[in-house]
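J.: Listed below, chain by chain, are the residues.
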Amino acid sequence: MGSVLAASSPNPPGAGGGTQGGPGLVTVPPGFTMPPVVPGTPGQPGTESDGSLLNPGTFEECHRKCKEVFPIQMEGVRLVVNKGLSNHFQVSHTITLSTLGDSGYRFGATYVGSKQTGPAESFPVMVGDMDNTGSLNAQIIHQMTTHVRSKVAMQTQQHKFVNWQCDAEYRGDDFTAAVTLGNPDVLVGSGILVAHYLQSLSPALALGGELVYHRRPGEEGTVTSLVGRYTGSNYVATLTVGGAGAHASYYHKANDQVVLSFSPLPVAPHLQVGVEFESSTRMQETSVSFGYQVDLPKANLQFKGSLDSNWVVGATLEKKLQPLPLSLALGAFLNHRKNKFQCGFGVTIG
Amino acid sequence: MLYILHLVIHIFVFYYSQLDETFLERLWGLTEMFPDTLRSAAEVSANCSLSVGKRLYSFSRAALWVGTTSFMILVLPVVFETERLQLEQQQLQQQRQVGMSDKLRFISQCLYMFVCFVFLVKANSDFQFYL
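Chains A and B supply the protein sequences, listed in that same order. Residue 256 in full-length UniProt numbering sits at position 256 of the first sequence, with consecutive numbering throughout. Residue 85 in full-length UniProt numbering sits at position 85 of the second sequence, with consecutive numbering throughout.
One or more of the hints may lead you astray.
Restraint ranges, calculated between C-beta atoms of paired labels, are given here [to be verified]: (1) Q109/B x S86/A: 55 to 61 angstroms; (2) Q322/A x Q95/B: 16 to 22 angstroms; (3) E88/B x G232/A: 34 to 40 angstroms; (4) D102/B x G232/A: 55 to 61 angstroms; (5) S45/B x S287/A: 39 to 45 angstroms; (6) R282/A x S51/B: 37 to 43 angstroms.
Derived lysine-lysine pairs resembling DSBU-like cross-links, with alpha carbons at most 30 angstroms apart [what the hints assert, rightly or not]: (7) K122/B x K338/A; (8) K67/A x K319/A; (9) K54/B x K340/A.
Quick caveat, the hints were computed from the structure, so don't treat them as lab data. Each residue gets a CB set at the ideal place from its N, CA and C atoms; glycine is no exception.
Let's have the full structure, built from the sequences with the hints guiding it.
T.: Spelled out as structure tokens, the structure:
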């Protein structure tokens, strides 16, 4: 169910979609999620000068800040070449060599339109990529009016359509409502309908709910969940409780002065810490994860590490090799319980 | 006297050969003089300490492996990079402080003296020519 929802990205085309190729391009995060409204801190509510509330952001972004601190598992070798052909168009080539899965080549293209809605945003945004086996991921995001944004996305596996969904999102002054229709099939009578609502009650507190209705010939069901998010000066705490389980996350940005007192360098590394608790009723299991991210801007280094209650230890290191526009990523994951190790590295050019 | 001793040894050997006990069994039999509770307590504590020792040994092996590999993955790269950065910064600072290196200074001083010498010789020859 998670792959149909707009929250997760089932097939991320690597880091190809996220780098700049020209001065006017929008950084579009790969996958099926909407690009952030404000670059930097999406969905951070705050007060304007007269005390009114700001838009709380989208429902999927509630847990995103904590999730971004954790490293992703890398396997095999990945070479990504990004090239910006113009202000509006960007192309990426990805070659993946893998020991466990299939090796392949992937071509991705991003087109950003000319309707400028913000300092770093332009619409419509069309992102697509195609595999060497013919699997296609495509999404089109367009801002219909000042408040309504819509998205159409589809994903195929060779020639078979696996995912097709469309959704519409309305951003009000202090609330966000979104409706997603996933895999609708009129002939068979199946589909998934997801409705999100997020309301900011105070500059720090936002509450919301999600309703998932899925229907197949012969069965239908509903899953609801509630979400609450509290934002402090340098931390964000989010809790999601629902029929599918509970998910609590805490994100903390460490004070630079405190980190400076511990670091051996005269320059403070930026430290961000995230703790996550997940429990699922379907799989009847719970897990706690602890992740941290260390940024050394002087050494052009970004290091992410994670520690899990399933005895999984993982880390990712990303280093920009100046002066070339080259970026090297190394990753390693070790599962102590099953005694399995996985490592990978990637090079991104451009 | 010797005959009596000989007889005693024969009797002893006779009795000993009739018993089917090894030396260790005879020693173990000596423990039967202790009361039952003491014997069972000793047995339980010995077994317990042996199993605890085995478990401690295997736990320490696993803990050492888990600790070393996790430290290697989670901490070591950052340590390497910070040490390298520190070294680079130190080198830069040193270069700025020391200025020219010793060799370079020696060579430049030699050159200066040579230039002065050449100038003096030329001045001398000019003076003589003038004279």
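J.: Each of the hints needs a verdict: does it hold here or not?
T.: Status of the hints after comparison with the structure:
In this structure the hint that Q109/B and S86/A lie 55 to 61 angstroms apart at CB holds, the actual value being about 60 angstroms. Between Q322/A and Q95/B the beta carbons are some 20 angstroms apart, a value that agrees with the proposed interval 16 to 22 angstroms. Here the CB-CB span from E88/B to G232/A is close to 37 angstroms, well matched to the stated 34 to 40 angstroms. Distance hint check: the CB atoms of D102/B and G232/A are about 57 angstroms apart, consistent with the given range 55 to 61 angstroms.
A hinted range of 39 to 45 angstroms holds for the C-beta pair S45/B and S287/A, which are about 40 angstroms apart. For R282/A paired with S51/B, a C-beta distance near 40 angstroms keeps the hint of 37 to 43 angstroms intact. At roughly 87 angstroms between alpha-carbon atoms, K122/B and K338/A are farther apart than 30 angstroms, so this suggested pair is violated. Taking the CA atoms of K67/A and K319/A, the gap is about 20 angstroms. The hint holds against a cut of 30 angstroms.
Among the hinted pairs, K54/B with K340/A is consistent with the structure: their alpha-carbon atoms are about 26 angstroms apart, no more than 30 angstroms.
Comparing the model with each numbered hint stated earlier shows that hint 7 is the single one that does not hold.
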